[in-house]
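**Q** For reference, the chains in residue letters:
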Amino acid sequence: MSLHYKAIFWNPVKKQYDLLLAGGVLLYLAAFTVAGALLHPAATIETLLIRGLATCAFLLLHLILCIGPLCRLNPRFLPLLYNRRHLGVTMFLIALAHAIFSIVQFHSLGDTNPLVSLLTGNTRFESIPQFPFELLGLAALVILFLMAATSHDFWLSLLTPRVWKQLHMGVYLAYGLLIGHVTLGALQSETNPLFVAITAAGITIVTGLHLAAGWRERRLDQAFDWKVSGEFVPVCPAAEIPANRAKMLSAGGERIAVFRYDNKISAISNVCQHQNGPLGEGRIVDGCVVCPWHGYQYLPDSGASPPPFQEKVATYRTRIDSGVVYVDPRPCPPGTRLEPSRIE
Amino acid sequence: MRTTVVCLLGFGALLAILLAAGQRPFAPSKFEFGVFRIYNGIAEQTPVPSMISGGERYLLVGPGKRGATEMAPPGRALPVELQGSLIERGSTRMLEVLPGSWKPAGPEGRSTPAVSEGVHTFTGEIVDSKCYLGVMNPGEGKVHRQCAARCISGGVPAAIAANGGLILLTGPDDRPLSRELSPYAGERVTIRGELIRLGQLQILRADPASITRE
Ligand code: HEM
Ligand code: FES
Chain A
1 MSLHYKAIFW NPVKKQYDLL LAGGVLLYLA AFTVAGALLH PAATIETLLI RGLATCAFLL
61 LHLILCIGPL CRLNPRFLPL LYNRRHLGVT MFLIALAHAI FSIVQFHSLG DTNPLVSLLT
121 GNTRFESIPQ FPFELLGLAA LVILFLMAAT SHDFWLSLLT PRVWKQLHMG VYLAYGLLIG
181 HVTLGALQSE TNPLFVAITA AGITIVTGLH LAAGWRERRL DQAFDWKVSG EFVPVCPAAE
241 IPANRAKMLS AGGERIAVFR YDNKISAISN VCQHQNGPLG EGRIVDGCVV CPWHGYQYLP
301 DSGASPPPFQ EKVATYRTRI DSGVVYVDPR PCPPGTRLEP SRIE
Chain B
1 MRTTVVCLLG FGALLAILLA AGQRPFAPSK FEFGVFRIYN GIAEQTPVPS MISGGERYLL
61 VGPGKRGATE MAPPGRALPV ELQGSLIERG STRMLEVLPG SWKPAGPEGR STPAVSEGVH
121 TFTGEIVDSK CYLGVMNPGE GKVHRQCAAR CISGGVPAAI AANGGLILLT GPDDRPLSRE
181 LSPYAGERVT IRGELIRLGQ LQILRADPAS ITRE
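So the sequences go chain by chain: A and B.
Take the numbering used here: the last position of the first sequence gets the number 344, and nothing is skipped along the way.
Take the numbering used here: the last position of the second sequence gets the number 214, and nothing is skipped along the way.
Simulated from the structure, these hints should not be mistaken for lab results.
Treat the numbers as computed from the prediction; the structure is a model and nothing was measured.
Hints may contain errors.
[Stated by the list, open to error] From the structure, some residues in chain B lie toward chain A, with a derived Cβ separation under 8 Å:
{"id": "1", "residue": "GLY12"}
{"id": "2", "residue": "LEU19"}
{"id": "3", "residue": "ARG24"}
{"id": "4", "residue": "ALA27"}
{"id": "5", "residue": "HIS120"}
{"id": "6", "residue": "THR121"}
{"id": "7", "residue": "GLY124"}
{"id": "8", "residue": "ARG175"}
[As the list claims (entries may be wrong)] For each label pair, taking beta carbons as the anchor points, the in silico distance ranges come out as:
{"id": "9", "chain 1": "A", "residue 1": "LYS14", "chain 2": "B", "residue 2": "LYS30", "range": "47 to 55 Å"}
{"id": "10", "chain 1": "A", "residue 1": "ALA139", "chain 2": "B", "residue 2": "ARG110", "range": "50 to 58 Å"}
{"id": "11", "chain 1": "A", "residue 1": "ALA212", "chain 2": "B", "residue 2": "ARG192", "range": "51 to 59 Å"}
Virtual Cβ for every residue (Gly too), placed ideally from N, Cα, C.
Model the full structure from these sequences, guided by the hints.
**A** Structure representation (structure tokens):
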């Protein structure tokens, strides 16, 4: 565990990302409420707000869940991933506004505390069409809150990346709960088949992209997975690796990034210590490998972050024979400095 | 990248319009939220709190998810002056009474006789009359279930939305059925009792034991 955490700085790209995000959310809410008020003059503004916020948050959640596999399938989408945490926190805040408006609208000014009313207002747990769908939304909101509250890197280093990553896998549980919240709630009241179709399309896109990305990676792994027998495995001709870039391979179950820089070759683990970002998709800037996801840096010959940072990744021995790069897929302990192979 | 962003924004706005348009139609109803007018007339506690003013009968409820039973002193046919916000759906009218505005305006008057129309069975959704008549839109259905349960439990007269109309529900002794009916809020049920007519209002004096889920 490292003692320091990197502040993720506000830079112009991030500001632009956040501005676009805020603009997109406002555009969505405005489109929903204005179209709703014009097409359904009898609808009340509270209902339109509750529904506009709900569908906006749910749409953002779909986007968040799709970004991961989209980036694995096509690096063009990487800029979306760059600031996914702000997307997550924004989604949580919109969902929170939906929940608060719903509790005020449906539970306040009665004979019972609104929160008690939310928990006990419907006890038909044994029935599917009458199930208290609000409680599924509440459970999802709690998970989203935990994720939003621990999104800062301070928590990442305190909890260790492994635990943090596991916590943040909770987004899939929250997604499942919300599918229940929508199917047992709004879809029981609405009569238009459009809503069933849109919900089904959302589920299909999210699962389909995850399956496609997983399948592609498995195929890559199988194509390149050499048995580890103490042998060096061939990677590619050194000339095929662009300067300050890497070639990624998978060998002996390890994902390895082989970098070329200053006519030298070094191999390090492909897995960033921060959030498992793909280091081999990053480039070398000022002598350091820069993770494409949030900019963590590693020295290519030792796998160590430059001081004062303490992250370290495994390194791998390399060799060049007749212009072809070979790598030994047995990892050296993280941070082990190895002499780079020189391109003649 | 620019194309991706523009496509995402356009897609989002389009989806918003599609979802907003596709919503189930909203009932034509009215709630003069925050507008209180003065009403003079004869108020009655039973079978449900109501008053006749200017020849029209209005149901009476309290603010929020509360009934008007606590505001109106018991007794039959009391002349009153009060301030209320109008709630209206179809030909049924209701007033949300402003707390503290209820003033006795004279000696006891004559109550309207309720006309019995015999024993009837109705099948429909249990709703709270206040939201159904226009305070919320939609004021019925699964999404509104917990709110209806809260309103009925808080003393808003329960009702059954059946055959396109609204039939208010009371106990055989005209006691409100708050506790018995709130667990059925938002659900389709069948219920049996003596139907009575009070002006434009239809009221079922129902035996809560006769209720069955559909
Ligand atoms: C305490 C937590 C929550 C409560 C009490 C709650 C309550 C409700 C209610 C009452 C509705 C029906 C509204 C209507 O159709 O008029 C609804 C719908 C919906 N909720 Fe929630 N919700 C909660 C959390 C969430 C969360 C965390 C999300 C995440 C995105 C969410 C997404 C939705 C969606 C997509 C709909 C369907 C669209 C709609 O009908 O509004 N809800 N919720
Ligand atoms: S995963 Fe965040 S910097 Fe690498």
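**Q** All hints are to be evaluated individually against the structure, with a verdict given for each.
**A** Status of the hints after comparison with the structure:
no.	hint	result
1	GLY12	5 Å, holds
2	LEU19	5 Å, holds
3	ARG24	5 Å, holds
4	ALA27	7 Å, holds
5	HIS120	26 Å, violated
6	THR121	22 Å, violated
7	GLY124	15 Å, violated
8	ARG175	17 Å, violated
9	LYS14(A) to LYS30(B): 47 to 55 Å	48 Å, holds
10	ALA139(A) to ARG110(B): 50 to 58 Å	57 Å, holds
11	ALA212(A) to ARG192(B): 51 to 59 Å	58 Å, holds
Checked against the numbered hints given earlier, the structure breaks hints 5, 6, 7 and 8 and satisfies all the rest.
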